[in-house]
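J.: Each residue of the sequence shown is one higher than the one before, counting from 2 in the numbering used here.
Derived from the structure by calculation, the hints contain no laboratory data.
Misleading hints may appear alongside valid ones.
Said to hold, decoys possible - Pairs of lysine to aspartate or glutamate residues, derived as EDC-like cross-links and limited to a Cα-Cα distance of at most 16 Å, are as follows:
| no. | residue 1 | residue 2 |
| --- | --- | --- |
| 1 | LYS87 | ASP120 |
| 2 | LYS87 | GLU149 |
| 3 | LYS87 | GLU20 |
| 4 | LYS87 | GLU55 |
| 5 | LYS142 | GLU99 |
| 6 | LYS142 | GLU93 |
| 7 | LYS198 | GLU184 |
| 8 | LYS142 | GLU184 |
Stated by the list, open to error - If you anchor each label on the Cβ, the simulated ranges turn out as follows:
| no. | residue 1 | residue 2 | range |
| --- | --- | --- | --- |
| 9 | PHE3 | SER35 | 35 to 43 Å |
| 10 | VAL4 | MET151 | 16 to 24 Å |
| 11 | GLN193 | CYS96 | 30 to 38 Å |
| 12 | ASP171 | GLU20 | 17 to 25 Å |
| 13 | ASN183 | GLN92 | 35 to 43 Å |
| 14 | VAL196 | ALA67 | 39 to 47 Å |
| 15 | THR6 | ASP171 | 44 to 52 Å |
These numbers were taken from a predicted model, which means no experiment stands behind them.
A virtual CB, placed ideally from N, CA and C, is assigned to each residue, including glycine.
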Amino acid sequence: MFVATCPLILASASPRRRELLLSLGLHWTCIPASIDETPFASEEPAAFARRMAEDKAQTVAVQEPASACVLAADTLVCIDGRILGKPCDQQEALCFLELLNGRSHTVITAYSIKAGFCDLDHTAHTSTRVQFGHFDRSILKAYAACGEPMDKAGAYAIQGAGCFLVAAVDGSSTNVIGLPVNEVVQVLVQYQIIVPKG
């Protein structure tokens with residue numbers, strides 16, 4: 002569908018982001034960035050996500066040729082002003098799921114795109130409202146035990162078995178998976194980083 006006009010680097014180890022980009026026909030070299038992912042005191046969720054995406058992109062971009070395009074992203078779930086990242090264990094996953102159960106929450110994905118050769122330095126974020134259905138604790142516990150929640154912000158995967166938890170999505174569904182594809186593609190097309198395959 003699309004073809005890249007320069008080397009593409011994904012500053013992320015996320016298989017979900019890689020799959021979303023592959024679905025567009027794009028191939029990326031994955032170079033995960035190692036940064037401190039601790040929020041500042043009183044840092045707003047969107048500001049934190051944007052800082053993480055920017056730091057990841059910058060960390061990788063300074064190591065790569067200016068002829069490459071680097072894309073980084075950071076996804077988080079927030080509810081009641083609290084940031085839910087990836088659970089550290091099965092018990093925390095269950096706690097996250099119980100907090101989200103039957104309620105609406107926000108998924109924020111920030112993305113940062115850097116390409117020195119065309120002066121592209123763009124960082125933004127997208128927010129999506131997600132409504133969970135209400136389930137008995139035994140069902141949430143069974144899902145927490147299946148292993149899928151362990152590397153997912155908020156402890157669920159809308160693109161996996163966790164799709165049963167989601168009653169409604171208001172906004173970008175790919176944003177909930179880990180990358181607002183519509184917004185990212187628009188930037189890449191605008192700067193001719195990718196073009197339609199002819």
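J.: So which hints don't hold here, by number, going up?
T.: Hints 1, 3, 4, 7, 8, 9, 10, 11, 14 and 15 are the ones this structure does not satisfy, whereas the remaining hints hold.
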